[in-house]
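Peer 1: Starting from the given sequences, assemble the full structure and let the hints guide the process.
Residue numbers (our numbering), protein chains in the order written: chain Z, 1 to 405; chain A, 406 to 810.
Honestly, I wouldn't trust all of these hints.
[Unchecked claim] Rough simulated footprint, nothing fancy, chain A against chain Z, three-plus residues with beta-carbon under 8 angstroms:
#, segment
1, 227-238
2, 242-249
3, 261-274
4, 277-285
[Stated by the list, open to error] Some chain A residues well away from chain Z (every beta-carbon gap over 12 angstroms; in silico):
#, residue
5, R414
6, G447
7, D477
8, G495
9, K508
10, R520
11, I615
12, A676
13, F696
14, G704
15, A709
16, R714
17, A763
18, G780
19, D784
20, H802
Hints in this document: simulated from the structure, not taken from any laboratory.
Note that CB positions come from ideal geometry on N, CA and C, so glycine has one too.
There are 2 protein chains.
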Amino acid sequence: MFPILSGLRVVECASFIAAPSCALHLRQLGAEVIRIDPVGGGMDFGRWPVTPQGDSLYWEGLNKGKRSVAIDLSRPEGRQLAVDLITAPGPDAGVFVTNHPQKGFLGHAALSRQRPDLVTVRVLGWRDGAPAVDYTVNAALGLPYMTGGAGNGDDPVNHVLPAWDLMTGAYAAFATLAAERHRQRTGQGQEVTVPLSDVALASLGHTGQIAEVLSQGDRPRYGNALFGAFGRNFRTADDRQVMVVAITGRQWSGLVQALELAPAVAALEAALGVAFEADEGQRFVHREALFPLFERAIGALPLAALRQRFEAHAVLWSVYQTLGQAVAGDPRLSLDEPLFSTLQHPSGLRYPAPGAAASFHASARQPAVPAPRLGEHTDAVLAEVLSLSPARIGQLHDAKIVASA
Amino acid sequence: MFPILSGLRVVECASFIAAPSCALHLRQLGAEVIRIDPVGGGMDFGRWPVTPQGDSLYWEGLNKGKRSVAIDLSRPEGRQLAVDLITAPGPDAGVFVTNHPQKGFLGHAALSRQRPDLVTVRVLGWRDGAPAVDYTVNAALGLPYMTGGAGNGDDPVNHVLPAWDLMTGAYAAFATLAAERHRQRTGQGQEVTVPLSDVALASLGHTGQIAEVLSQGDRPRYGNALFGAFGRNFRTADDRQVMVVAITGRQWSGLVQALELAPAVAALEAALGVAFEADEGQRFVHREALFPLFERAIGALPLAALRQRFEAHAVLWSVYQTLGQAVAGDPRLSLDEPLFSTLQHPSGLRYPAPGAAASFHASARQPAVPAPRLGEHTDAVLAEVLSLSPARIGQLHDAKIVASA
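Peer 2: Here it is in structure tokens:
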């Protein structure tokens, strides 16, 4: 955590990955984040992975360092409390992150009557507001038909990473700061909508894939081959798998030298009339001719020998490993680094949790903070932000409009 | 494009996806972005997809709306010009986005001698600064061993989406605005580093996967099944594939009703002693018992009939389609919407290009702007930002220190 956004206060009513991770990113750069949940927890309170006792590792990962307020949002008095928290005064408050529908009491039009300069950042599924999740957006966009080898026939292969959720969360955090900057300069608040499907579609447009499909048709399955340059998985003599990539000319020449393939590659270039170092695309066009050379060369070496050669020639590569192997044994992915802090979490487990993925070099990184217990900060937030008296907070508890951890 | 960050000026020396997309996001919310490239183009100038003539659709997708300056960066005079552009004065200037190594003339220590409040946002591969790309980070993190079905044995299945690049670009844009906000308030500039590998590792931590692997071991391959709730691809009577998801209780009950599976599901619940609506995780635990019911029910219906039922019950689903089918025929992914603008691009092709994925509702969306030709703005930027005279700019051209389109 870095004290970069100190003073900024964000209120979150959200669930799952995209909107909660948006607020998490803001929190991990120093903003205060008040997360409002229904009493008993929202839709994501039990989302897997869970402990054997059913506590969600997902929930406690996505809500680290937030203040938790539990309110009965089905009752008018509870809803008004939530609205009061969202629209509380202060030049660095009035920022609301949500994935609730635009209709209803959390709609921007209603909220901004109470605070006209409110910034609402709303993550949507489809751009028309209909629900979508990462898996349904990805299915609609065609990536599962590009993933895996030709042996999959017309069966889709789903990604296991909720990539669009994660990307949307980061992009929404960016949009939040942009809108807040605009408000600081103009006084103008507004609603910002960030549809998962638009983030996905725009991303494919930004990387040229929409221009490609419009002008050249659908990209077929290329298995594990990197599109448009040299790259694939190869098996070593001791049966490990390595991902090897050469996009730039220097990466290519380093790789060819490391494997002592210069004569064989030169012969192939002469036969084909191409120059692989100068044109990365030719390495992709002729990959079926190139791959066997690399299969033999890599397959003749055990991993340790290959590593030595690759490191000597600055080859762009990595061994494939499981996540367990990665976090246990790969110094580049160590959990001991300042990025991680070992914390006691609400689940009862103690494990390393990540802070902000960026490092701000003029500020000291502060340790990550665990997630709250549900409702842990109900009383404190109602007293601090809404100036409610202990007697009033007691009444709200008695009426079961709020709950504490 | 939205005029939200108007006035902010960003200088970019970068290639590939992460850092250039960071600057693109800033540009699409209204910042001025000056991209400095070597004369003849950088390492990504020919990256695929390309037109039949070899023009990069990727490059022109990632550099939309930027001003292009071409400088010979191998010569001291060219390097000084780049440094002068990066460190040019102005309260809303002095923001630098790069993926160049920390050593050398683009290092923050050297640059900040010329402008002490410079904000440098540097995308790294591994956290120690060693090069990495999406494919090598992903291989090291284990996701290819979780992707696809058990039939893949111990062969990895690579993702085709450069998810970590895209996520890092969005997160770096967020980090840029955070650092710029901090500078506005304190006067303090700084270097911000954003390693691809830390973005990836932190993301897996935020979603509970690191806690999971540390406490429960590696997650096996689950094929196309959604982890921890109900979800998978199914085949319709007319041989279309659909992705069907039920995470919340309401999604589950809607799905069961839509397929008239209530009696069969109730019988299974009684036999197993579980309540699927109340506990999404049980739907995953017992997926092999549940899937055949859904295979039969969905397999008995053609897509049109299924669609009707799913829409009537607000089921969370999507048909699988190719990207070509998506952009040609799916209104939720239409390229006609305000998100896209049909433009003439430097490749000579005319096609719809996306603007900002977020919509700012108090501001009118302005059309997207095409990428520049390489060096298109060299003269204008040198005159405007560095106040160089036409004679001086002419000398730089004569000495081949700069080039124009």
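Peer 1: Would you pick out the hints that fail for this structure and give their numbers low to high?
Peer 2: 3, 6, 11 and 17
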